[in-house]
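Chains A and B, in that order, are what the protein sequence lines are. The first sequence begins at 457 in the working numbering and counts up by one. The second sequence begins at 457 in the working numbering and counts up by one.
Hints are supplied without guarantee of correctness; some may be wrong.
Put simply, identical chains are the same to the list, so a pair is met inside one copy or across any two.
Derived lysine to aspartate or glutamate pairs resembling DMTMM-like cross-links, with alpha carbons at most 25 Å apart [claimed, not checked]:
1. Lys512 <-> Asp472
2. Lys535 <-> Glu477
3. Lys535 <-> Glu641
4. Lys512 <-> Glu670
5. Lys535 <-> Asp472
6. Lys665 <-> Glu477
7. Lys512 <-> Asp602
8. Lys665 <-> Asp472
9. Lys512 <-> Glu634
10. Lys665 <-> Asp603
11. Lys512 <-> Glu641
12. Lys665 <-> Glu651
13. Lys535 <-> Asp483
14. Lys535 <-> Asp616
Derived from the structure by calculation, the hints contain no laboratory data.
Protein chains: 2
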Amino acid sequence: MIKNILIRENILGTNDQIARENQRILDNASIFSINVMASPGAGKTSLIERTVDRLKDIYSVAVVDGDLASSIDAERAAKAGARAFQINTGGACHLDAIMLNQALSQIPLNLIDLLIVENVGNLVCPINFMLGVHKSILIASIPEGDDKPYKYPNSYRNVDVVIVNKIDLLPYISFNVEYFRRGIELLNPGVTIIELSCQTGQGLENWFKWVEHECVSFHQSAL
Amino acid sequence: MIKNILIRENILGTNDQIARENQRILDNASIFSINVMASPGAGKTSLIERTVDRLKDIYSVAVVDGDLASSIDAERAAKAGARAFQINTGGACHLDAIMLNQALSQIPLNLIDLLIVENVGNLVCPINFMLGVHKSILIASIPEGDDKPYKYPNSYRNVDVVIVNKIDLLPYISFNVEYFRRGIELLNPGVTIIELSCQTGQGLENWFKWVEHECVSFHQSAL
Chain A
457 MIKNILIREN ILGTNDQIAR ENQRILDNAS IFSINVMASP GAGKTSLIER
507 TVDRLKDIYS VAVVDGDLAS SIDAERAAKA GARAFQINTG GACHLDAIML
557 NQALSQIPLN LIDLLIVENV GNLVCPINFM LGVHKSILIA SIPEGDDKPY
607 KYPNSYRNVD VVIVNKIDLL PYISFNVEYF RRGIELLNPG VTIIELSCQT
657 GQGLENWFKW VEHECVSFHQ SAL
Chain B
457 MIKNILIREN ILGTNDQIAR ENQRILDNAS IFSINVMASP GAGKTSLIER
507 TVDRLKDIYS VAVVDGDLAS SIDAERAAKA GARAFQINTG GACHLDAIML
557 NQALSQIPLN LIDLLIVENV GNLVCPINFM LGVHKSILIA SIPEGDDKPY
607 KYPNSYRNVD VVIVNKIDLL PYISFNVEYF RRGIELLNPG VTIIELSCQT
657 GQGLENWFKW VEHECVSFHQ SAL
């Protein structure tokens, strides 16, 4: 048992050390960076597509996509106008700092202003692995149900923004918005919550504003 | 590296050994058992509620619910008429054979005909841990998107049935049923696919029939 715990600490210790190195690399290159996490199918790729499409004339955007298999997501990000890099994790259920570090070594950092990391679709594991990026985003979606903050507390507790996607489906699904928001507030008081639909576009402006505001703040403080 | 691989093999080796013990326990008690896996919010608890409600007059049903936190799911299964047992995994992203073994020790096995295990909501990790139950079910759902078999191949490859839930939402979501089914067929040729909606009840009869047929076959072969 002690042996297992030590190994786990070593793995996480090594991860955090490389995460700090990643952050130094990103800071030195003046790249604002976000980690997007969610259940499978909550809308990570759709939100990234819309974000790249909207911001590509202002910022040069790179997207790193983590998936067990396939390059479907990176192809979508590239089509939207990003420099896209696919990481296939094989069996691994999350991205870690080492994978991101390897991806960073392939990106022409001096040409990039904004890096979006799309984590593996998983509401449990990714939150446990620091990547060294500046902000963490969780995408929830209406069809997943209103009880998810209560059942997956860590993923709601340790993020900077909760996006609530697929609000266009609210008329067709039993979903108590008050109960859902109360769960988030208990875990992460005052966290930014943005309701939107990547399908209809409703609410997307609030998300773009958040990204732009954070990008500007980051680049100003880097001067 | 070699050390890590050995430890992983030891963990999985121990798990599989206890999984075989679980299956012996279930066989000896004549309990037909299924493991239900899915992404968060695909409808595991809803399907189990409907199944318990429908079959409780024919079979005595026990439900073991695995969640990171809360007892929401076990309460719902109990309300539907099952003997329900909640496992809180803490941080663990899956159920393993040891957790199920501990749960089995608390269940009055001689009173049970059918055991339904609701795994942690996660499309990546649970499939890697044998539990020792007789059949494995994956629930997909329309809002998750039609590309999931291609992105999470292991979870589609190693199951006996794929349920496609929330078909009532098809009119409101872009979902290519042909592309989705082709992905499943490539990974798991001939697997039973059942399309249904726990919300409207459409297609549920086909699922109930599958469970009843398997239950009868199991109990006949046990004679």
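Hint check results:
{"no.": "1", "hint": "Lys512 <-> Asp472", "in the structure": "neither (31 Å within a copy, 50 Å between copies)"}
{"no.": "2", "hint": "Lys535 <-> Glu477", "in the structure": "neither (30 Å within a copy, 51 Å between copies)"}
{"no.": "3", "hint": "Lys535 <-> Glu641", "in the structure": "neither (37 Å within a copy, 28 Å between copies)"}
{"no.": "4", "hint": "Lys512 <-> Glu670", "in the structure": "within (16 Å within a copy, 55 Å between copies)"}
{"no.": "5", "hint": "Lys535 <-> Asp472", "in the structure": "neither (33 Å within a copy, 44 Å between copies)"}
{"no.": "6", "hint": "Lys665 <-> Glu477", "in the structure": "neither (29 Å within a copy, 56 Å between copies)"}
{"no.": "7", "hint": "Lys512 <-> Asp602", "in the structure": "neither (34 Å within a copy, 27 Å between copies)"}
{"no.": "8", "hint": "Lys665 <-> Asp472", "in the structure": "neither (30 Å within a copy, 51 Å between copies)"}
{"no.": "9", "hint": "Lys512 <-> Glu634", "in the structure": "neither (35 Å within a copy, 34 Å between copies)"}
{"no.": "10", "hint": "Lys665 <-> Asp603", "in the structure": "neither (28 Å within a copy, 30 Å between copies)"}
{"no.": "11", "hint": "Lys512 <-> Glu641", "in the structure": "neither (33 Å within a copy, 38 Å between copies)"}
{"no.": "12", "hint": "Lys665 <-> Glu651", "in the structure": "within (13 Å within a copy, 40 Å between copies)"}
{"no.": "13", "hint": "Lys535 <-> Asp483", "in the structure": "neither (27 Å within a copy, 53 Å between copies)"}
{"no.": "14", "hint": "Lys535 <-> Asp616", "in the structure": "neither (28 Å within a copy, 36 Å between copies)"}
Checked against the numbered hints given earlier, the structure breaks hints 1, 2, 3, 5, 6, 7, 8, 9, 10, 11, 13 and 14 and satisfies all the rest.
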